[in-house]
Structures are given as structure tokens and as C-alpha cells.
Amino acid sequence: MQRYLLGRLVQSIFTILFVLLVVFVIVRLKGDPAAVMLGENRDPETYAAVRRSLHLDDPIHVQFGAFLGKVFRGDLGYSWYQRRPALEVMLERFPATLQLAGAAFFFSLLLAIPLGVVAAIKRDTIYDRGLKIFALLGQAMPTFWVGLLLIVFVAGYLGLLPAGGRGGPSHLILPAIALGWFPAAAIARLTRSAMLDVLDSDFIKMARVKGVPEQMVIWKHAVKNAAIPVVTLMGLQIAGLLSGAVVTEQVFAWPGVGWITIQSIFGRDFPVVQAAVILLAAIHIAANLVVDIVYVYLDPRVRYLRR
Amino acid sequence: MRKSYRKMLGLALAPTLAVLVACGGGAAAPTATRLAPQPSPTTAPRATAAATPTSAPARVVPTGQLNVGMRGTGVGLDPHFQAQCHYATWYTRIFEGLTNRAPSGKIEPALATSWDFAPDGKSVTWKLRKGVKFHNGDDFTASDVLWTIERGRTHPSPYLYRTQLDRVSKTTAVDDYTVRMDLGAYFFELPDGWMDVFFGMVPEKYTKSLANPWNDLQRQPVGTGPYKFVELKTNDYFTIEANESYWGMVSKVKTFKTVSVPDATTRVTMLKTGQMDIVEYVPPQMLDDVKKMPNVTLELIKALDTLILMPVTAQPANLAMKDKRVRQALWYAQDVDTMVDKLWRGSAIKANDLIAPGFVGHNDKITPHPYDPAKAKKLLAEAGFAGGLKLRGAYSSGTTAITDEWMEATRLYWADVGIDMKWEKLEGAAMSELTPRKYQGYDMYVSNSRNIGYDPIRDLTFWIHSKGGQSSHANPEWDKMIDPISLIPDPAARLKAIVDAYAVLVGEEVSVLPVFHPLYTVAYRNDKIKEFPMTQGWSVYPRNLNYIVPR
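Going down the list, the sequences are from chains L and H. Heads up, the first sequence is in the working numbering, so the first residue is 1 and it goes up one at a time. Heads up, the second sequence is in the working numbering, so the first residue is 1 and it goes up one at a time.
Wrong hints could be hidden among the right ones.
To give an idea of the interface, some chain L residues facing chain H are shown, with a C-beta separation under 8 Å as derived from the structure [what the hints assert, rightly or not]:
| no. | residue |
| --- | --- |
| 1 | 83 |
| 2 | 85 |
| 3 | 87 |
| 4 | 106 |
| 5 | 125 |
| 6 | 148 |
| 7 | 152 |
| 8 | 155 |
| 9 | 159 |
| 10 | 162 |
| 11 | 169 |
| 12 | 170 |
| 13 | 251 |
| 14 | 278 |
Derived by calculation from the structure, the hints in this document are not laboratory data. Just so you know, these numbers come straight off a predicted model, no measurement behind them. By construction, the Cβ of each residue, glycine as well, lies at the ideal position given by its N, Cα and C atoms.
Let's have the full structure, built from the sequences with the hints guiding it.
This is the structure we're talking about:
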């Protein structure tokens, strides 16, 4: 098992390096970064100074080496417009994104697991069909659209909750629902199908034959066994929520990482964009690694297969 | 009839689904809407020595807080770190220049009480206002003016006014309150125009005391303006507080918190629910909704903007666009009145000139070409394109809230006269990369001309002269018309020459095709604001905030 985990760790490191290479190349494909930063009316001295500071006069492999060195020292560049380190800009916004993603995840779990379990137990009933509609809507409607609907009807028409901005807990509800509906739909569908598989298995039939109470059959035996694929998906959804908050943050004026990334793209503040891509990619890779590790502990078959 | 129906269907189908849901249909009684009172168009020349004093200081005790929902909250507050003119929306609340611009665009005294041009136009002497203090208590003196010019010239960042500064050969402090500025070569743009609110005066002692004099003013700004800096969270919110010892009119509102709300639906809903007291940029699709809101007033204010279609004539491949008759045909072939009515829902004015009406340099004698498809066809036939013409254009969706709809309508109008227009939507940065290549590969592009300079020679040069920053032309005849104007030292004669040049270059040559002047749309809550006397170009003129009377 240790060999398996070590292998996954090495894979993750290579993935990170590949992401850094892609970021490095893309920034340079855009053209001369110094020229892009300074615009058309640049003066030659400033231009030369910026080129030197970015190592742009060095050979490309030296530039990449310098870039890697800086990244591993936590230096992701300097925000051209905010006049401070790009990592600082990102980290300042990260708590807001984490809060939103966390609330969305909580909302999706709160809704998806019970819905999926009930739909599986009450297969082909109105509950099951209700879940299908919920899942279809959640996966078919874009997040920004759900967000706008919530803003117009819940905030604007009913006046129940704030329409946007970051403030108290009430500010969190609408963006969390908008962001969490999509993963909730996916988790609910997977929970339902995993439950159906488990409910059809011999050990569940045996438990029922032995007279184990139905509640115990469902919640102790069936849900526990159906949870393995669901937990995997949930782990991946956390990373997806963190990076997927870009649109939701924009619609709800939520001052997180996604919003500053969009603004930096429009403002051509490439160091901040670069920092955002690296940060979000690192989160994705770390989440995948954690899921793989958890999966080994949850499912003994993985341990045996890897031996 | 059939074509007309098709056009209207195109116009009706164009708005996005999101907007359809966000906004209700139907017209509303326009009782809560008023077009702000406008000063008469300013075409009078400025005096070489400004004499009219600003209004006497009115001492009040500022109270309360107003929350303002805007599309963005800028990126920084250092007047010398401004790559784009719209950043001025933020720092001009804190900093002031030697001059100020009245809402009409007319120059008036600010930190300078008067100024004199030498008879040969090669120098200008400024008399500074006495008793002015920076927000940290430092006195404003001549050494701050010298430092500001020096800092602007040497700041390692993109700076809009560097070209102007490069033409100042020497600045001398005659005494603590007198500054003489020598102009090495003749000025392309007269300095009392650009030494205005956009050229904020920076405190010398304070800036030099900062750990990094180049960077730190961005986040700890100190000026002499009507508002003091409190807090900035970039692209989140920006808080300012009334400067109670301001030399001019003191704000009646203690605190303004400007919150960045990029989505228009969210912004308007926040106004409705009371989260915001003022919101800007209400898109045309939402005007009816806002008009229906109880307790809300909607203002439509003349702004500095002109939305233009820019013919590309600089490239050898732009054969058709080089022909004046084709450019005129394009103007005749679009029904601007219908677009103002159906697309803008009244929140724009049909344009006739590059400079918006009410602003210095506007020529109200240019007659916009009326919608006349038959004449357009005739002109195209005369130019040798009776069988049709294929054109390729570029635009950025960020230009206006309804650029996609506008482009589709234009395409349909031009199709009626045999022009096959292919519009390509580009991201803003991609559009700006086309500029240095003079829009090679395209026949037309779409842009927004914002008349931020007092001296309208700037716009004439910027858009039409072959060396202009945004020009898509290389026409020596047009350059010959523009070049001598910047050598006219008499402001009145200079302004007349500019206005006459616009009549030829826009009205006849159609080097620029002005289409709309969009109105600046602002809505505010009546339960929080008693009076909001709006003037032109609100977002650019921070002094307008001073006039707000809270409840």
C-alpha cells in the first residue's frame, strides 16, 4: 500500500510540474509579457527593467528554472496593478471562496444523500421521479442562471435574503444554493444508483431474511456500503466547488478568488492569473490525492489489488 | 414591410435569456425618471487666465453613510499609476489638480487660482491657492507641484500623461505659491486642460516618507480633495469619508462606501432591497423595472461617451473603405432612431459628432445622415459595389451592455443594401492588440470614444490622425488638416478650427461613424437621498457627490 501511495504522490508532483510548464508557456505565448504589462506607450528604460526583472533576456530553460525556483519559494509574481505579491492577493480572497465552497458543499450533502437514499428505497415512486427532476434541473441549468433566478425571485421579489455581497450568514445562503445545486444533483444520482446496487445484493437480502429491522438494513448496512463511490465523488466535488465558484462569485458580488481571477484576466494582470491557476490546480491535485488515500482505507479491495 | 418585420424580430430576439428573466416586460410610467438638467453646450473659448472663482465654501457637518453599487471599484488610487482613464473615477475623489473641469468640460480654478500663458505660448505661470492642506495636515505649496510633475515623469508604470509631461522642459517654483512651467516645444494639448482633476497633486513630504514612494501611495493615498481615503479592498469595496476642512464645498454625506457589483441584475436587486442606496449603469433592458420600483428615482445623464463605428482605411486591402461613398452609405443604411428606441429604450442619443453634445468641441451643425437605404444603395453603386460588398468587423462585447444586439441590428440593416457584414466578437485584450497593427484584416471596428480631455484636439488626433493612438487611418490629407491646428496658440481660434475640422472629417469624410451617445444611468433610493442634483458625466466628476443631500 505504501508503494501505491508513493506512486500517487510522485504522479501528483509530476502533474504540478506539468501545470507549471503549461502556465509558463501560455504566458509567453501571449506575447512579450513586459510589452503586455506596459502597453503601447512604454518607455524603453522601464521596458528593459521589467524584462530584466522577469528574466526575459535569459535562455528559455534558465527562465523556466528561475520561474520554478520562485514558485517553490512561494513567489508567484507581483500584481502589476495592485502593487503587491500576487500570492498575497490570492490568499486575501481565499477565505471568502473557502467559506462559499464549504457552504455549498454542506448544502449539497444535506440535500443529496437523503434524497438519493429515499429515491432508491422508494424506487419508481413519486419520490424517485422527484429526484430525477431535481437532478436533471441541477445538472442542466448553468450556475449563473440559477444564481440570477434566486436573486430575482428570492431576494428581489420575495425580499427574503440579501441579493449579493459578503456579510452575515444570510448573505451566504443564495450563493451556496446556486453553487451547490450542481454537485448535489450529481451526488444524489450516484447515491441512488449505489444504493440500488447494494440493496439488490445478497447480504442485504440475508439481513432482511434474518429479520434485521428495515431502518438498520438501510442506514447501517446499505448506506455504509454505498458510501464508497459517493465519498470519492464528494472529494472531487470539493475541489470543483473551489474552482467552480468563479461564476457564482461574479454574479453574487462575492469577493473571492474566482472574482479576482476574472477581474485580473480582464485587466491583464497576468501574475495574479498565474497565481490563481497554480493555486487552483494545486488544490485539485491535492484533493485527488486525498481521495485516493481515503479510498484505500475505505475499500479493502483496493488494498488487496495493489499488493 | 417584410424586411422591417425581420429587423424587428432580430431586435426582439437578441437580448439574452438571463436578461429576459431578470426583467419584466411592459412599459412603465416615466414619473420617476428625469433627464438631468443640462448646461448649454460649451463652445465658448476659455480665457488664457481663468478668472471665475469656484463656489464659496459651504460649511456643513457631514452625516450618514451611502452605499453605492458600481460595476467595479478600480484597482488603485495613485494618480501616477493609471494605465487607463477610467481609474480616475476613484482617485479623483481624493486628489485634485491645479484646475478642475466644470460638468460642461469648461476649465475652472482648483488648486491654482489663476494662470497666465506667455504671449508666445511657450510658458505658463500658475498662482496656487493658499491655505490648502493635504489630508495628513501638510500644507500644499509649489514644491508639491514640482514633485508631482517629477514623480509623474519618472514613475515606473504606464501613465496616461507622460507624453504631456515630456513636453514640459522646466518647472520652477517662483515662490511658495507661484509655479512657472516652460514648454519646450509647442504644446499639442494646452496644459490647463490636462493639469486638471486627472493630474492629482501628490504631497512631497508624505510620499517621500513612504517605505516605497512608488508603490505605497497606491494603498495609502493622501490628497487635498473633498474626500479622505478610509479603505480599499480592490474589486470589492472602497470607502471614503468627507474632508471636513476642505477648501471648497464640503460633502453633506459623511461616508461613501462604493461596492463592486459587476452583474447588473444583482446591482439593481440590491437597490430594490435597500442593500444599495445608489447604483450606476442600469442596462437598457432593466430600465422599465427600475422605473416601476417604488421609492427609487432613475436619472439619465449626458455622459462623455460616443459609441462609434471606425472604418479601417489604413491597409491596402481596405479598398472599399477607402472610398468616401462607401463610408457614407454605411451611415445612411442604419436606422439609428429605431435602435435608440428599441435597443436603448431611450437611454441613448443619436450621435452626429465624435464629441458628445454639451461638451467642449461638439459641433451641433453636423447633420447625422438620415436612414435612407435607397441613397445608400445609390452611393454603393457609384462606388462600384452595386453587386454587393463583403466586410469584416471586430467588436468587444464589453463596449456596452447591448453590443451584441447593436451589431446584429447593424448587420441586418446593412444586409438590406447589399452589404454582407461579418462581425467577430473579440475579448477586450485581443481587440487592443489589433490597435498597433491598425486593425489589419478588418474593415471596421467598434469602439467607445470618451472625451476625457478638455482640449478636443486630443480626440481629433487620437481617432483620425495617422499617428493617433486608436486611429485606423493613414490618410495624409486628413493629417494635413489636423497638424496645423495644434500650432494655433489662440484658444478661441483653435477651438473654431477643431470644430470646423470635425465638420469635414466626420460630417463629410465619415472617417469616424458616430452612432450613439449612451446616457449615464443612475438610480437612487428616495428614502435615503433627498436631493441628487445630477450634472453631466457623473462618474468622472467626483464633485457631483458633494451636492447629494441625504435624508
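Results for each hint:
{"no.": "1", "hint": "83", "in the structure": "holds, 4 Å"}
{"no.": "2", "hint": "85", "in the structure": "violated, 11 Å"}
{"no.": "3", "hint": "87", "in the structure": "violated, 15 Å"}
{"no.": "4", "hint": "106", "in the structure": "violated, 23 Å"}
{"no.": "5", "hint": "125", "in the structure": "violated, 32 Å"}
{"no.": "6", "hint": "148", "in the structure": "holds, 5 Å"}
{"no.": "7", "hint": "152", "in the structure": "holds, 5 Å"}
{"no.": "8", "hint": "155", "in the structure": "holds, 5 Å"}
{"no.": "9", "hint": "159", "in the structure": "holds, 6 Å"}
{"no.": "10", "hint": "162", "in the structure": "holds, 6 Å"}
{"no.": "11", "hint": "169", "in the structure": "violated, 15 Å"}
{"no.": "12", "hint": "170", "in the structure": "violated, 11 Å"}
{"no.": "13", "hint": "251", "in the structure": "holds, 5 Å"}
{"no.": "14", "hint": "278", "in the structure": "violated, 20 Å"}
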